[in-house]
Amino acid sequence: MRPTLARYIPFVVLVGLVVAAQTALSALKLEFYLTQLTMAAYYTLVALGLCLLMGYAGQVSLGHAGFFAIGGYTSAVLTTVNLAATGAAAGAGAAAGGVAGAAGAGALIGLLSRLGILVTGTDAYGGQTLTVLPWAAFAAALLVTAVVAVLVGIPVLRLRGHYLAMATLAFGVIVARVAVGTRIFGEADGISDVPAFRLFAGLAISGKKALRVQNYYIAWAMVAAGFLLLINLIGSRAGRALRAIHGNEAAASAMGVDVPRHKLAAFLLSALYAAVGGACLVHFNGGIGPGEASVMKSVRYVALVAVGGMGSAGGTLAVSTLLTFLSLRGAFGQLDDAVFGAILVAIMLFAPDGVFAPVGGWILRLLRGRRGARGAAR
Amino acid sequence: MNEASRTLLAVSGLHHWFGGLHVIDGVEFSCRQGIVKAIIGPNGAGKTTLLNLIAGSLRPRTGSIAFDGHPIAGIPPHQVAARGISRTFQATRLFPRMSVLENVMVGSHVRGRQGFFAGLIGPAATGREERRIRRDCMAVLDELGIADLAARDAVSLPFGRQRVVEFARALASQPRLLLLDEPACGLNPKETEEIGGLIADIRARGITVLIVEHDMSLVMGISDEVVVLSYGRKIAEGTPSEVQANHEVVSVYLGASDA
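Residue numbers (our numbering), protein chains in the order written: chain A, 33 to 410; chain B, 13 to 271.
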């Protein structure tokens, strides 16, 4: 088979497994597992993005939970903050000859309303609410993430190795502290009552039990799409340039690769993967808490990429799905974070190329051995 | 001015220093199109620094470097590469976790257009260019006689083969000027001879070569002109035989290394 086509085999396997898993679980009346598999899909999107940055471009990030949180919180805030209340307050303030800022807020709400990106509803007490449409909130989440990724990426990506790890770690800490210390982000409680995200007719990202199968497929369709884009990129001119940067920056640069630009593009793209995961998961879970921005979450994503094998999107996908699913099922109990930390240490010590590399080498030896034996018999 | 005698590279008044160490001290020379020009000198003469200044990996403190009449001093390496200057490294720097062919395909980076976005979309957007790059790079491997190694992991090859792959990677950009940093370094006499033949072939294809080298037999055999550096200064320039007859060269360079 042509090598370009062989690249897409893991994608086909993924699609097959996704359908097979749902069919089997539904047949066995174990559909409740689909909920955790759906959540695992959104976290896996973060791991895939990080795999591009770390595994292929060789740039470590210990702050990716920060991008997940920026995407999630932006969507959550915009789709839950009642603008009717602020609008009314602004109107009242303006009527009383209040501050120009309040009048400005009123004008902004009017503008957003005319653009058709606001949606009215009723709250639990029967009062009228006015919130941003999930689509618009989603777009805003990606925009905010992109701006932050570029602003953080330009200075930070000048650093290498441990220094880059520390700088991204600091970024993650900042996001976590902002999330837990800001009123609009719900402080330690986070944000709840995030509405469903109606994608288009009949399809919605929502945690409703009736939509469980549908949501499983929405989430895994996104992972499949993300995986496909990644396979495309890795095999392209830009992907080769990223792998060359990983291998030897000076040589890549001498071959004409604009190193800072490629690093920034990879950083931006991987941040967007994380933000998409975050922005979708808040609609599925109906909320988000500051724990999503924690440094331990970032470490967890790094562990998933490392276990999957740096530079193996398929490996990352498999490992992330399995370990995240087990973690969400509570398989690691109170020791959840400790398990991921321990896994990271063990991988670095015993299988720095990921769990699949030794297994792959073992299979290769086995095949060679058998072929050798057959040759000898002849 | 006819094509053969046209100046492709002109370096003048070049100075560079690291801290208090003046490694390039007012170097001046030019290189005509189509020739092989060698830069020789004892260890620490500033040869590799000079190459790095031309390639853009270092910014000269003062002085000018003109490539085909355009100033290039101080511009970043990827822009130097885009103008048609390619290079190899003293200790080969192939990309690990990539095959020989992929390494050479990175070498042709400046000859491609498709960026990140097209890369994400995939073969529908990049297929045509990818096929061209792949074909051209296979042709380069073929010319250098290493087509059979295309699928091999580049850094697992024997050192001598890696050097040839690095040549292929540098040639894949179809450069006008090729900078070679001690290409015979670490090679045995047979491999050195092979590299010499390779450089002659490259010259025959009309590519100008600037070579920094220690190995005298290689330099004297393949070079049209030689520049001799000592402690960052140019002490002689001319044809190999002129330089070999130069009294200062013999005492400063050959004498010093023989002692």
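It is worth saying that the hints were derived from the structure and are not from the lab.
Accuracy of the hints is not assured; some may be wrong.
[As the list claims (entries may be wrong)] Among chain B residues calculated to face chain A with C-beta under 8 Å, some are: (1) A85; (2) P89; (3) R99; (4) R105; (5) G134.
[As the list claims (entries may be wrong)] These stretches of chain A come out as covered by chain B in the derived footprint (C-beta under 8 Å, 3 or more residues): (6) 257 to 265; (7) 274 to 285.
Here a beta-carbon is modelled for each residue, glycine too, at the ideal position from N, C-alpha and C.
Against the structure, the hints come out as follows:
1. With a least beta-carbon distance of about 16 Å to chain A, the hint placing B/A85 at the interface is violated under the 8 Å criterion.
2. Annotation: B/P89 was flagged as interfacial toward chain A, and the flag holds, the nearest CB pair being 4 Å apart, inside 8 Å.
3. Here the hint on B/R99 is kept, as its CB sits about 5 Å from the closest CB of chain A, short of 8 Å.
4. Interface restraint check for B/R105: the shortest CB-CB distance to chain A comes to about 4 Å, inside 8 Å, so the restraint holds.
5. Because the beta carbon of B/G134 sits about 3 Å from the nearest beta carbon in chain A, less than 8 Å, this interface hint is met.
6. Counting residues of the stretch 257 to 265 of chain A whose beta-carbon sits less than 8 Å from any beta-carbon of chain B gives 5, enough to reach three: the coverage restraint holds.
7. Coverage of a stretch by a chain is defined here by at least three residues with a beta carbon nearer than 8 Å to that chain's beta carbons; for the stretch 274 to 285 of chain A and chain B the count is 9, and the condition holds.
Violated hint: 1 only; the structure is consistent with all others.
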